[in-house]
Amino acid sequence: MARSKEFEESEVLLKAMHLFWEQGYEKTSLQDLVEHMGIHRRSLYDTFGDKHTLFIKTMEQYAKFADATMKAEAQRGRTAKESIRLIFDYLIETNGEQPLGCFFVNSATELAYRDPAVSELTSEGFNKGEQLLMELLQQGQQTGEFSADVDPRLLASNLYTTMIGLRVLRRTSADKKKLHQIAEVSMAMLDK
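According to the working numbering, the sequence shown is numbered sequentially starting from 76.
For the record, the hints were derived by calculation from the structure and aren't laboratory data.
All C-beta atoms in this analysis are idealised placements derived from N, C-alpha and C, irrespective of residue type, glycine included.
There may be inaccurate statements among the hints.
[To be verified] List time: in silico PhoX-like cross-link candidates among lysine-lysine, alpha-carbon distance up to 20 Å: (1) 102 with 132; (2) 102 with 90; (3) 139 with 203; (4) 102 with 203; (5) 90 with 132; (6) 203 with 156; (7) 90 with 146; (8) 126 with 102; (9) 146 with 156; (10) 139 with 90; (11) 102 with 146.
[Stated by the list, open to error] Label-pair restraints from in silico Cβ distances: (12) 139 with 106: 34 to 40 Å; (13) 243 with 127: 45 to 51 Å; (14) 125 with 259: 20 to 26 Å; (15) 240 with 107: 25 to 31 Å; (16) 153 with 106: 48 to 54 Å; (17) 153 with 185: 34 to 40 Å.
Kindly generate the complete structure, drawing on both the sequences and the hints.
So this is what it looks like as structure tokens:
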């Protein structure tokens, strides 16, 4: 008779995601995963496949989390500019129980150049972030908050590139005050 699973898949997947996020793909061994996830090696293989397949599943989970979080921060703003500022503030200030930095940025710098699946997932994630910013910029242009003379796609790319850089710096010992100053310089591009 087959044994029933003694764990919740989403919970152990979240544990794996945090471990990969903190240590990176290469530095995370199967034994690290088994211990951190609190499951048997056989259960890991039966449920998630090999290490790479598990890693991709954690990236897919992170994509949903990151997309929902950015949208939630944007919705808190009363204006397009305030929404963008809230996203910057979230990226600088918040990590809670999460490892520092951005799982996609970490994965892209470690693996994207040699792993097509990672490259595709990180590109999709970055594109969604840029798209959200472009929509906010277009909204601000429609309400007269931002100049209509600026290409919202180009400005969104610029802002998002700064956000990625802030996530990299956030993983280092960079002072939050300095990160907020960098964000302010980027936000100044939005002034008419």
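These are the hints, each one checked on the structure:
no. : hint                     : verdict
1   : 102 with 132             : holds, 18 Å
2   : 102 with 90              : holds, 16 Å
3   : 139 with 203             : holds, 11 Å
4   : 102 with 203             : violated, 28 Å
5   : 90 with 132              : holds, 12 Å
6   : 203 with 156             : holds, 18 Å
7   : 90 with 146              : violated, 24 Å
8   : 126 with 102             : holds, 12 Å
9   : 146 with 156             : holds, 14 Å
10  : 139 with 90              : holds, 16 Å
11  : 102 with 146             : violated, 32 Å
12  : 139 with 106: 34 to 40 Å : violated, 28 Å
13  : 243 with 127: 45 to 51 Å : violated, 24 Å
14  : 125 with 259: 20 to 26 Å : violated, 45 Å
15  : 240 with 107: 25 to 31 Å : holds, 29 Å
16  : 153 with 106: 48 to 54 Å : holds, 50 Å
17  : 153 with 185: 34 to 40 Å : holds, 38 Å
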